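Student: Sequence:
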Amino acid sequence: MNRVARVLFIGMSILLAALLFGCEKKTEVTDGNKPLPEAVTKASQSPFRIIKDAKGEVQIPTNPKRIVDISGSTEELLVLGYTPIASGNTDMADAKKFTPILKDKLVTNTVNTGWYAS
Numbered sequence: 001m002n003r004v005a006r007v008l009f010i011g012m013s014i015l016l017a018a019l020l021f022g023c024e025k026k027t028e029v030t031d032g033n034k035p036l037p038e039a040v041t042k043a044s045q046s047p048f049r050i051i052k053d054a055k056g057e058v059q060i061p062t063n064p065k066r067i068v069d070i071s072g073s074t075e076e077l078l079v080l081g082y083t084p085i086a087s088g089n090t091d092m093a094d095a096k097k098f099t100p101i102l103k104d105k106l107v108t109n110t111v112n113t114g115w116y117a118s
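Numbering (full-length UniProt numbering), first residue to last: 1 to 118.
Any given hint could turn out to be false.
[What the hints assert, rightly or not] If you anchor each label on the Cβ, the simulated ranges turn out as follows:
1. A18 / D94: 43 to 51 Å
2. L80 / Q59: 18 to 26 Å
3. I70 / A5: 53 to 61 Å
4. L15 / A86: 24 to 32 Å
5. S71 / P100: 19 to 27 Å
6. L77 / G22: 33 to 41 Å
Just so you know, the hints here were simulated from the structure itself, not pulled from any lab data.
Since this is a predicted model, take the numbers as computed values, not measurements.
Beta carbons are placed, not taken as given, at the ideal position from N, Cα and C, and that holds for glycine.
Taking the hints into account, I'd like the entire structure generated from these sequences.
Tutor: In structure tokens form, the structure reads like this:
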């Protein structure tokens with residue numbers, strides 16, 4: 001009986017916690033008419049973004065004209081509205097072909113860079 005009471009207590013505690021966190025105050029949704037912070041405004045006016053990583057700084061265009069995907073993230077680029085001119089996201093059975101899904105989404109002259117993991 002002691003074990004049943006303990007399991008029941010733990011279950012009720014989890015349900016109570018879920019109820020309390022589910023009733024948390026929601027954040028305010030704005031209509032988008034508020035001015036952007038100064039840093040965001042300056043970054044969008046600049047023709048380049050500076051990205052810092054372990055190897056140093058790299059300048060990347062704010063609005064790239066051509067994108068090459070060698071990491072296998074072609075689907076993500078397409079979802080975000082960018083069409084790469086070259087892709088390493090190939091069919092696992094044949095590294096010389098794009099996957100059937102990507103074949104329909106990419107333009108016909110997209111360069112196949114080969115499987116990104118090979």
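Student: It remains to establish, for every hint, whether it holds in the given structure.
Tutor: Results for each hint:
1. A18 / D94: 43 to 51 Å: Holds, since A18 and D94 (Cβ atoms, about 48 Å apart) stay within the stated range.
2. L80 / Q59: 18 to 26 Å: Distance hint for L80, Q59 holds at roughly 20 Å.
3. I70 / A5: 53 to 61 Å: Since I70 and A5 have Cβ atoms about 59 Å apart, the given range 53 to 61 Å holds.
4. L15 / A86: 24 to 32 Å: violated (52 Å)
5. S71 / P100: 19 to 27 Å: holds (20 Å)
6. L77 / G22: 33 to 41 Å: holds (36 Å)
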